[in-house]
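Peer 1: Given chain A, work out where chain B should sit, using these hints.
These protein sequence lines are chains A and B, in that order.
The first sequence begins at 10 in the numbering used here and counts up by one.
The second sequence begins at 10 in the numbering used here and counts up by one.
Careful, some of the hints might be misleading.
Claimed, not checked - Which residues of chain B face chain A? A partial, calculated answer using Cβ under 10 Å: (1) K25; (2) K27; (3) T68; (4) G79; (5) I88; (6) V187; (7) K281; (8) A284; (9) G315; (10) D371.
Said to hold, decoys possible - So, partial list: chain A residues that the calculated Cβ filter (under 8 Å) puts toward chain B: (11) K58; (12) E98; (13) I157; (14) Q158; (15) D161; (16) P365.
None of these hints come from the bench; they were simulated from the model.
None of the values given here were measured: they were computed from a predicted structure.
Glycine residues also receive a C-beta, built at the ideal position from the N, C-alpha and C atoms.
Protein chains: 2
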Amino acid sequence: MSDYFQESIELHKKYKGKISIEPKVPLKNKEDLSKAYSPGVAAVCQEIKKGENPKEFTTAKNTVAVVTDGSAVLGLGNIGPEASLPVMEGKAALFKAFAGVDAFPIALDTQDTEEIIKIVKAIAPTFGGINLEDISAPRCFEIEKRLIQELDIPVFHDDQHGTAIVVLAGLINALKIVKKKKEDLKIVINGSGAAGVAIAKLLTDAGFPKSYITDSGGLVSECRDDLNEAQKELLACCSISSICGGLNEVIDGADVFIGVSVGNVLTKEQVKRMADSPIVFALANPIPEIDPQDAKEAGAFIVATGRSDYPNQINNVLVFPGIFKGALSSGAKKITTEMKLKAAEALASLVESPTPDNIIPDPFNRQAPDVVASAVEKVAKTKE
Amino acid sequence: MSDYFQESIELHKKYKGKISIEPKVPLKNKEDLSKAYSPGVAAVCQEIKKGENPKEFTTAKNTVAVVTDGSAVLGLGNIGPEASLPVMEGKAALFKAFAGVDAFPIALDTQDTEEIIKIVKAIAPTFGGINLEDISAPRCFEIEKRLIQELDIPVFHDDQHGTAIVVLAGLINALKIVKKKKEDLKIVINGSGAAGVAIAKLLTDAGFPKSYITDSGGLVSECRDDLNEAQKELLACCSISSICGGLNEVIDGADVFIGVSVGNVLTKEQVKRMADSPIVFALANPIPEIDPQDAKEAGAFIVATGRSDYPNQINNVLVFPGIFKGALSSGAKKITTEMKLKAAEALASLVESPTPDNIIPDPFNRQAPDVVASAVEKVAKTKE
Numbered sequence: 010m011s012d013y014f015q016e017s018i019e020l021h022k023k024y025k026g027k028i029s030i031e032p033k034v035p036l037k038n039k040e041d042l043s044k045a046y047s048p049g050v051a052a053v054c055q056e057i058k059k060g061e062n063p064k065e066f067t068t069a070k071n072t073v074a075v076v077t078d079g080s081a082v083l084g085l086g087n088i089g090p091e092a093s094l095p096v097m098e099g100k101a102a103l104f105k106a107f108a109g110v111d112a113f114p115i116a117l118d119t120q121d122t123e124e125i126i127k128i129v130k131a132i133a134p135t136f137g138g139i140n141l142e143d144i145s146a147p148r149c150f151e152i153e154k155r156l157i158q159e160l161d162i163p164v165f166h167d168d169q170h171g172t173a174i175v176v177l178a179g180l181i182n183a184l185k186i187v188k189k190k191k192e193d194l195k196i197v198i199n200g201s202g203a204a205g206v207a208i209a210k211l212l213t214d215a216g217f218p219k220s221y222i223t224d225s226g227g228l229v230s231e232c233r234d235d236l237n238e239a240q241k242e243l244l245a246c247c248s249i250s251s252i253c254g255g256l257n258e259v260i261d262g263a264d265v266f267i268g269v270s271v272g273n274v275l276t277k278e279q280v281k282r283m284a285d286s287p288i289v290f291a292l293a294n295p296i297p298e299i300d301p302q303d304a305k306e307a308g309a310f311i312v313a314t315g316r317s318d319y320p321n322q323i324n325n326v327l328v329f330p331g332i333f334k335g336a337l338s339s340g341a342k343k344i345t346t347e348m349k350l351k352a353a354e355a356l357a358s359l360v361e362s363p364t365p366d367n368i369i370p371d372p373f374n375r376q377a378p379d380v381v382a383s384a385v386e387k388v389a390k391t392k393e
Numbered sequence: 010m011s012d013y014f015q016e017s018i019e020l021h022k023k024y025k026g027k028i029s030i031e032p033k034v035p036l037k038n039k040e041d042l043s044k045a046y047s048p049g050v051a052a053v054c055q056e057i058k059k060g061e062n063p064k065e066f067t068t069a070k071n072t073v074a075v076v077t078d079g080s081a082v083l084g085l086g087n088i089g090p091e092a093s094l095p096v097m098e099g100k101a102a103l104f105k106a107f108a109g110v111d112a113f114p115i116a117l118d119t120q121d122t123e124e125i126i127k128i129v130k131a132i133a134p135t136f137g138g139i140n141l142e143d144i145s146a147p148r149c150f151e152i153e154k155r156l157i158q159e160l161d162i163p164v165f166h167d168d169q170h171g172t173a174i175v176v177l178a179g180l181i182n183a184l185k186i187v188k189k190k191k192e193d194l195k196i197v198i199n200g201s202g203a204a205g206v207a208i209a210k211l212l213t214d215a216g217f218p219k220s221y222i223t224d225s226g227g228l229v230s231e232c233r234d235d236l237n238e239a240q241k242e243l244l245a246c247c248s249i250s251s252i253c254g255g256l257n258e259v260i261d262g263a264d265v266f267i268g269v270s271v272g273n274v275l276t277k278e279q280v281k282r283m284a285d286s287p288i289v290f291a292l293a294n295p296i297p298e299i300d301p302q303d304a305k306e307a308g309a310f311i312v313a314t315g316r317s318d319y320p321n322q323i324n325n326v327l328v329f330p331g332i333f334k335g336a337l338s339s340g341a342k343k344i345t346t347e348m349k350l351k352a353a354e355a356l357a358s359l360v361e362s363p364t365p366d367n368i369i370p371d372p373f374n375r376q377a378p379d380v381v382a383s384a385v386e387k388v389a390k391t392k393e
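Excised from the complex, chain A in its bound form:
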């Protein structure tokens, strides 16, 4: 790991960032200039002004803004916009490399919810979609909700829904192996931030039972008086909240543990108290909720992490490029729940014969962006 750190610093210094902006039309002579720019371009402006769709004439149709305020970057916390930029540029580079989607980082020097909403709305004409990134909970929920309501282009908070979709895809395949029915599961989600909330919602949307959602304050339940709006919503839709307690209590007999929290919060002893053939998704990065080796020793049948050096890497790169590729190509105005569900199913179906060490495609699976995009397009078309 520490090798990657030093090599990454050197890579960034050498290349001075990770994206470049290139002309894609000829610009070699006056003739070219007269068509791409003045005077010819005036006619294009007028076509749009007369009511033609601007997306037919501009890069905006295929361009996603990767918007952050730097408030919850990787596991590093609130490091601000400048320090978050390498992550946003990386994401922009991945959008193009994995799905042919143009993406540009917008790191905002404000963490005020209303200002962020206003700014994203103001810059929206340049873009075909908005990927919210590394914005801390609970602000991320309000920002996403409002932008979805107030913009007519797709808005997607990847830390929430990208994670939820890959988790669902992995879980679909894990259940095929352990031969359990989703209806019968006892699921514990540890972590009630952006990812935890979105996973809990998507699992219930997919027909899974309500989850036990725990965080550092214990079980997200009616016993708590410190819940934010998004967590309170979970009480109604997605969480078993009639009891009081914490992870150590609810882990008893659990079939599935999904950790989207911090390192080393799940013990071997707790894994031993889970149901038969337990499924452990320990997704905290870089240090998982439990070391995968320890989890296996304690009886975990299937273990997934967020890391590339263990089997079953739960990596959003399997999802976000294809989600936007499909949404942009189909002209969808929103990323719907059905799109997310179908994307997860499509991703799961890429693993033909799931095994405990192979429940999810490799991040470099070349088909992943396309099957996800197709799933999204298909839903978009049936809605027309």
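Peer 2: For chain B alone, kept in the frame of chain A given last:
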């Protein structure tokens, strides 16, 4: 001209815009991903958080935002952000093609001065410089002034200063031909918007006498009660304002006419009333203030326009790519008056032996961006 219109529409439909965003680091395998993105990138974020210059690790150092609100686009007026986007994308493409500068269009869905200032400040961490574009006067003056004050990256309103710099360069060479001294000139500038104001200021900064500045309301003078703040500033610094009247009066005996207004406002008869060897810059686009042929027939010795189909095209593309190239590479925090003056001189010097039909380099002169950039860098260095 009309051919260009149709061909431009076809070009834009075919390519779906004019820029693309490309990864510039390898992204072929897990190893690459671990360095360009998670987990390696966390180390880069931390370096920046610890105080390292973000510009050393990101594309921001070489990236300019082309910001507009769509309020004064080409000669088309207030057509809004969507319809302005083809111009902004064109400009972004030119930045890269002419000077290797990455540039990205930001078309804003607001025309409120304070909101624009706030938004540009908020998105600034992503950029190394701000090119303001096609924002109407007088709002453009306040927006530029405030952003220059409040940001520590270069902010440049190209419609003002790009135009002023090319005009000055052309004028420097024109004077060599007519063998007049700048101190002795009677200069008439028709148009008191963004370009007119900036030209008047830069000419006086360059040691030219105050100009007669006229617009549709007559001479910008103390007789007027309809002047905006920027125009009032001209009264003190740059304009001869002690008389009342209009273009038709002040054109008598003028050595230089600079039109940055609208088509067909200067008559042959008026050109005949100018001084010996009159210099006529009729820069309105696409229809000049006077047809170049008519101007010649009326005795104009040197005629320049904004058009590519006549000699002496006054085209900002000679300036803005090099200005930002030099500012970004030298780390300059502002574009100073001295940089503008030196850029104009450098540009003028590219024409070795000026003639009436060759006072300014061709827009495709390959040396122009570099000599302009060098001039800017040299000034930046002497200020350190």
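Peer 1: Confirm or reject each hint.
Peer 2: Now the hints, each set against the structure:
Interface restraint check: K25 (chain B) against chain A, minimum CB-CB distance 6 Å, threshold 10 Å, status holds. Contact between K27 (chain B) and chain A, as hinted, is supported at the beta carbon level, the nearest pair being about 5 Å apart and thus within 10 Å. Here the hint on T68 (chain B) is kept, as its CB sits about 3 Å from the closest CB of chain A, short of 10 Å. About 8 Å separates the beta-carbon of G79 (chain B) from the nearest beta-carbon of chain A, less than 10 Å, and the hint is met.
The closest approach between the C-beta of I88 (chain B) and any C-beta of chain A is roughly 5 Å, which is under the 10 Å cut-off, so the hint is satisfied. Hint status for V187 (chain B): violated, given a least beta-carbon distance of 27 Å to chain A, over 10 Å. For K281 (chain B), the interface hint is violated, since its Cβ never comes within 10 Å of a Cβ in chain A; the closest pair sits about 29 Å apart. For A284 (chain B), the interface hint is violated, the least distance from its beta-carbon to any beta-carbon of chain A being 32 Å, above 10 Å.
The restraint placing G315 (chain B) at the interface with chain A holds, with a minimum CB-CB distance near 8 Å, inside the 10 Å limit. The interface hint given for D371 (chain B) is met, as the beta carbon of that residue sits about 8 Å from the closest beta carbon of chain A, less than 10 Å. The interface hint given for K58 (chain A) is met, as the beta carbon of that residue sits about 4 Å from the closest beta carbon of chain B, less than 8 Å. Residue-level restraint check for E98 (chain A) holds (minimum Cβ-Cβ distance to chain B is 6 Å; threshold 8 Å).
Violation of the interface hint for I157 (chain A) is found here, the shortest Cβ-Cβ separation to chain B being roughly 17 Å, above the 8 Å cut-off. Nearest Cβ of chain B to the Cβ of Q158 (chain A): about 16 Å, over the 8 Å cut. The hint is violated. A least Cβ separation of about 12 Å between D161 (chain A) and chain B goes past the 8 Å threshold, and the interface hint is therefore violated. About 21 Å separates the beta-carbon of P365 (chain A) from the nearest beta-carbon of chain B, more than 8 Å, and the hint is not met.
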